[in-house]
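Visitor: Spelled out from the first residue to the last, the chains are:
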Amino acid sequence: MTLTTTGIEGMVLDEHTLIGIGELTKVCGISTDEVRIMVGEGMLHPLGAEPLQWRFTGVEVRRARRALRLRHDLELNLAGTALALDLLDEIERLRERVECLEQYLDSPMDADER
Amino acid sequence: MQYKDYYKILGVARDASADDIKRAYRKLARKYHPDVSKEADAEARFKEINEANEVLKDPQKRAEYDALGSGWHAGDEFRPPPGFGQRGTRREYEFSPEEAARFSDFFSSIFGGGSEAFRAGFGDIGDDVTGRRGMDQNATIQITLEDAHHGATRQLRLEVPEIDAKGRIQSRARTLNVRIPAGVTAGRQIRLAGQGSPGPGGKNGDLYLEIEIAPHPIYRSEGKDLHMKLPISPWEAALGATVAVPTLDGSVNLKIPTGSQSGQRLRLKGRGLPGKPAGDIYVQLEIVNPPTNSDADRGAYRDLAARFEAFNPRAKLGAKS
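Taken in order, these protein sequences are the chains called A and B. Just so you know, the first sequence maps onto residues 1 to 114 in my numbering. Just so you know, the second sequence maps onto residues 1001 to 1321 in my numbering.
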């Protein structure tokens, strides 16, 4: 059976989307204490000083969900999760960079030496 | 359904110790975790590895699996032996329907699917069954750079697990027409609330679509910035010129400064993907020499060589001529 749903507009999770701590707990299915721990560990970087004023970008939502999956699936502790998140971000940046730079490289030809 | 060789999946011997199994599982889980691995089949491999671990880490499940015998090979057509998989003949394992949806038919035929016992017992951990959300789903959607620039509506076909009236897991095809807003970049996600798996309480999980940008013949994207090579002639580089450069919004005139060199980069500000601020296009100049097909062509180069006799492009390498 096939069901077609037309014209769905989702929420873009980018740097311009801002959500509060309540929405983040709902989206990720976690408690406010867990959010606080993740912020305390430096995994999430909200705008605003106090938890009630915290605003998380869409990019942070992806980080939070990724952290939860890694912690659960690979049985990582907090510090390990934070490290994995940072390294994965770095790898993503570098991969994109490498792809950009690779377009400037032509395939090599064997040179004649005399 | 097909027989699954859980030992082979984890790469361990049939008599492997619990420690061997744990070690093999941990190593493979790190390698194929969908958040870590870039391999196309990572999600499927990770599921398979988890399923194998689910069985082999539990002595009772492992014993039941071993009882099927060792004569099977991965992919063999498998039908559970009579008496297998019937209620009362074995322990009813406790999986939520969502957990069960992650396992294969082969797994369910031996260990059962989502059990009533689990659902009845779920209240123990302080959650109300009727209020429980379904699982979130993740998918990747590949779009062109043009779609990312202008926005688009893309059709997406998904196989969504559903729980039927008898609590069994069924897969159903769904087609979604998703609006892709202008300015999305690779790796960003779109959250479609309530479009994930249904929960036993009727509340659906969410669907997360991760944007992937298809390779483009002219540009490579890096966030909102685009990078491209611009071929120019030696005299355009030497004397300066105004040339047309394609952008995603049509062509623009770019001024090549006098005395430009190959590899030099020029920035077209705000001509990348839209946003606040919009990205830029980085244009790397590439001097292309005209071919020498005739004596007259070669003569033109010889004239050039004579005119620039003292010029040594390798002066900085310390090599003579």
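Keep in mind that the hints were calculated from the coordinates and are not lab data. Don't take each hint at face value.
The calculated EDC-like cross-link candidates involving lysine to aspartate or glutamate, where the alpha carbons are at most 16 angstroms apart (straight line), are [unchecked claim]: (1) B/1229 with A/99; (2) B/1229 with A/73; (3) B/1057 with A/96; (4) B/1031 with B/1041; (5) B/1027 with A/75; (6) B/1057 with A/75; (7) B/1224 with B/1295; (8) B/1224 with B/1212; (9) B/1008 with B/1039.
So the derived label-pair ranges between C-beta atoms look like this [as the list claims (entries may be wrong)]: (10) A/72 with B/1240: 26 to 36 angstroms; (11) B/1234 with A/72: 30 to 40 angstroms; (12) B/1044 with A/72: 33 to 43 angstroms; (13) A/110 with B/1019: 25 to 35 angstroms; (14) A/106 with B/1019: 45 to 55 angstroms; (15) A/107 with B/1079: 30 to 40 angstroms; (16) A/91 with B/1144: 48 to 58 angstroms; (17) B/1240 with A/26: 43 to 53 angstroms; (18) B/1140 with A/87: 17 to 27 angstroms; (19) A/91 with B/1261: 53 to 63 angstroms; (20) A/91 with B/1173: 45 to 55 angstroms.
Every residue gets a Cβ at the ideal spot worked out from N, C-alpha and C, and that includes glycine.
Visitor: What are the numbers of the hints that this structure violates, sorted from low to high?
Guide: As far as the earlier hints go, 2, 3, 7, 9, 10, 11, 12, 13, 15, 16, 17, 19, 20 are violated by this structure, in ascending order.
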